[in-house]
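Listed below, chain by chain, are the residues.
2 protein chains.
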Amino acid sequence: MTHFADRLAEAVRRCANPVLVGIDPRVDSLPTGMLAENNRTDLAKAAEAYEQFSREVIDVVAPLVPAVKPQAAFFEQLGPAGMSALGEVIRYARQKGLLVILDGKRNDIGSTATAYARGYLGPQSAWQADAMTVSPYLGDDSLTPFVEVAGEVGAGVFVLVKTSNPGGAMFQDLLIDGRPLYRHVADYVERLASQTAGECGYGCVGAVAGATYPAQLDELREAMPHTWFLVPGFGSQGATATDVAGAFDSKGLGAIVNSSRGIIFAHRREPYAEKFGDARWQEAVEAATREMIEQLRDETPAGKLAGSG
Amino acid sequence: MTHFADRLAEAVRRCANPVLVGIDPRVDSLPTGMLAENNRTDLAKAAEAYEQFSREVIDVVAPLVPAVKPQAAFFEQLGPAGMSALGEVIRYARQKGLLVILDGKRNDIGSTATAYARGYLGPQSAWQADAMTVSPYLGDDSLTPFVEVAGEVGAGVFVLVKTSNPGGAMFQDLLIDGRPLYRHVADYVERLASQTAGECGYGCVGAVAGATYPAQLDELREAMPHTWFLVPGFGSQGATATDVAGAFDSKGLGAIVNSSRGIIFAHRREPYAEKFGDARWQEAVEAATREMIEQLRDETPAGKLAGSG
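Those protein sequence lines, which keep their order, are chains A and B. Numbered according to the working numbering, the first sequence spans residues 1 to 309. Numbered according to the working numbering, the second sequence spans residues 1 to 309.
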């Protein structure tokens with residue numbers, strides 16, 4: 001059983017890019033024909049369409065990128081049928097060789113946190129994710145159960161530190177002894193990361209740090225040398241490749257950059273809408289993925305990966 | 001469609017007690033015979049047992065208390081089969097006249113938060129909960145989608161403010177301008193509550209405030225006059241009825257007090273283990289529930305409810 005960060009580093013090196021494709025299916029954005037108009041409120045039919053759509057996204061991106069990030073919320077929205085679809089999507093992605101980071105931002109205390117961790121993390125668990133996102137508000141005894149299980153099963157945990165949304169500043173930027181709250185969370189996460197470092201130098205505990213705050217990414221990269229970053233906010237939230245450059249270490253490792261709508265719904269935005277349209281939506285997904293890979297290779301230290309593969 | 005806080009106030013008055021029974025099934029604590037030893041790692045069998053156990057708990061407590069709180073984590077731990085069981089448990093509890101507060105501590109940004117809210121809240125949603133718990137780290141634009149949907153469908157949201165676990169202090173007690181972080185979160189939650197107040201004076205936004213910090217409960221009660229409290233930590237986490245007294249208003253409203261293991265697994269602790277044992281575990285649940293009701297009536301302002309019904 002290989003350490004999660006080492007598996008992630010290996011996958012990023014093998015693909016020579018750090019792109020994390022977010023799987024966020026939405027009823028209103030699926031390609032035409034995948035879910036009939038009169039089935040949109042049928043939870044089972046919608047769940048079936050989400051599964052099909054997600055599998056077809058995975059078919060396109062599996063040869064190109066190291067990892068995918070299914071967003072639990074959209075599957076949960078469809079009730080138990082949606083959760084069955086989520087289980088299938090995770091299984092299918094892993095079967096295709098992708099690492100799967102489940103974005104569920106779970107959090108709880110003690111044995112309840114352990115239940116989440118045991119349920120979601122590792123190949124013996126019910127959901128079989130390689131890693132999951134968690135929220136830190138409940139403090140250390142809410143995070144350590146995730147860290148312990150992750151270490152035991154070769155999985156990873158990404159703790160919310162500095163999120164990409166404007167409202168994230170409301171509490172995360174409050175100053176405590178002259179330093180914002182997110183830096184205090186970062187200190188704790190880095191401690192967990194350094195305690196769990198694998199051969200690549202990174203721990204099985206990572207941090208979510210938004211691409212929409214480039215200066216903070218630089219600052220956090222310096223403060224958190226053992227912490228792999230999951231960077232949301234690229235593309236549809238407005239951040240560019242240049243904005244995320246600071247998240248990487250000098251070898252081009254240490255960060256994976258997420259794009260969700262910008263890739264999976266590329267058929268709905270220009271230039272892909274005109275070029276491919278709904279009928280050739282998978283080609284739009286491929287083109288958008290390749291474009292993001294190129295941008296990150298051109299504008300960030302991830303460009304160094306291309307030579308090292 | 002009645003306002004959530006008014007429905008909660010009505011249910012608490014009708015039952016003349018503020019007990020919230022936590023439904024936290026665990027494979028290792030189920031009554032003997034409900035899950036055969038050799039089926040413990042069979043997720044579908046375990047999910048079936050959780051559903052049966054939860055229904056039988058609900059049968060006992062439905063005539064006694066206003067609300068139940070299923071803990072999502074334990075159902076999620078069993079994968080899709082567990083989620084189907086959770087759906088059935090919520091449906092069954094509502095059918096028996098109980099309010100259902102789903103404890104999932106969900107949180108995300110923008111349209112993802114909306115997906116959680118639309119999926120879980122209200123009778124038209126996939127899961128049909130009356131209310132859910134949410135985590136505040138992501139800030140205002142992560143909470144308002146829950147509040148908007150809750151208001152629209154007559155549901156409620158309980159935001160983590162001051163949690164019952166020792167580690168909760170790690171971030172929640174950090175001082176910002178001389179006041180701990182949880183007080184800043186509390187100010188925002190109270191603002192949302194006052195903006196959404198129903199006829200009973202409480203908003204559809206409540207707060208999770210742990211019974212293990214009695215002084216803070218007093219302080220928060222004073223600072224949050226429109227905010228209904230969900231109080232965990234009673235019983236197995238060590239808090240007593242006296243500890244939670246400060247969470248109530250002078251009429252005995254404004255707080256519901258949760259007990260999970262202390263009630264549902266009462267057959268495993270004294271004096272109930274000896275008196276009822278495994279075979280009569282439902283009687284243990286009933287006795288433990290009645291004992292908690294009496295303690296809260298004797299030691300807190302909830303005693304005033306008994307005269308008002």
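The set of hints was computed from the structure by calculation and includes no laboratory data. Nothing here was measured: the structure is a model prediction, and the numbers come from that model. Hints are supplied without guarantee of correctness; some may be wrong.
Stated by the list, open to error - Taking CB as the label site, the calculated pair distances span:
1. B:S29 - A:G277: 52 to 62 Å
2. A:P123 - B:E56: 25 to 35 Å
3. B:A44 - A:P63: 26 to 36 Å
4. A:R179 - B:E270: 43 to 53 Å
5. B:R91 - A:T41: 11 to 21 Å
6. A:R40 - B:G110: 30 to 40 Å
7. A:D177 - B:T242: 54 to 64 Å
8. B:E199 - A:K275: 55 to 65 Å
Said to hold, decoys possible - Calculated Cβ distances over 10 Å to all of chain B for the following chain A residues:
9. R26
10. R55
11. R94
12. T112
13. R118
14. A126
15. R268
Said to hold, decoys possible - Coverage of chain B stretches by chain A, computed from C-beta distances (three or more under 8 Å per stretch; other residues unrestricted):
16. 3 to 14
17. 114 to 123
18. 133 to 139
19. 154 to 164
20. 205 to 213
21. 281 to 290
Beta carbons: idealized from backbone N, C-alpha and C, even for Gly.
Q | Minimum Cβ-Cβ distance from A:R118 to chain B exceeds 10 Å | A | Not fine: 6 Å to the nearest Cβ puts A:R118 too close to chain B.
Q) At a Cβ distance under 8 Å, does chain A reach at least three residues of the stretch 205 to 213 of chain B? A) Violated - the stretch 205 to 213 of chain B has 0 residues with a Cβ nearer than 8 Å to chain A, which falls short of three.
Q) At the C-beta level, are B:A44 and A:P63 separated by a distance inside 26 to 36 Å? A) At 34 Å between Cβs, range holds.
Q: Against chain B, does A:R268 hold up as non-interface, every C-beta pair farther apart than 10 Å?
A: Label holds. Min Cβ-Cβ 15 Å, cutoff 10 Å.
Q: Take the C-beta atom of A:R179 and the C-beta atom of B:E270, compute their distance, and say whether it sits inside 43 to 53 Å.
A: holds (49 Å)
Q. Lying within 11 to 21 Å: is that true of the beta-carbon distance B:R91 to A:T41?
A. holds (18 Å)
Q: For B:S29 and A:G277, compare the CB-CB distance with the range 52 to 62 Å and indicate the outcome.
A: holds (56 Å)
**Q.** Stated coverage of the stretch 281 to 290 of chain B by chain A [criterion: 3+ residues, CB within 8 Å]
**A.** violated (count 0)
Q) Counting residues of the stretch 154 to 164 of chain B whose CB is closer than 8 Å to a CB in chain A, do you get three or more? A) Answer holds; 3 residues pass the 8 Å Cβ test.
Q: Find the nearest Cβ of chain B to the Cβ of A:R26 and say whether that gap is larger than 10 Å.
A: Per Cβ check, A:R26 is inside 10 Å of chain B; nearest 8 Å; violated.
Q. When you look at the beta carbon of A:R55, is every beta carbon of chain B farther off than 10 Å?
A. Its Cβ never comes within 10 Å of chain B, the nearest being 16 Å, so this holds.
**Q.** Verdict for A:R40, B:G110 (Cβ pair) under range 30 to 40 Å
**A.** With Cβ atoms ~21 Å apart, the hint is violated.
Of the numbered hints listed earlier, those contradicted by the structure are 6, 7, 9, 12, 13, 14, 16, 20, 21.
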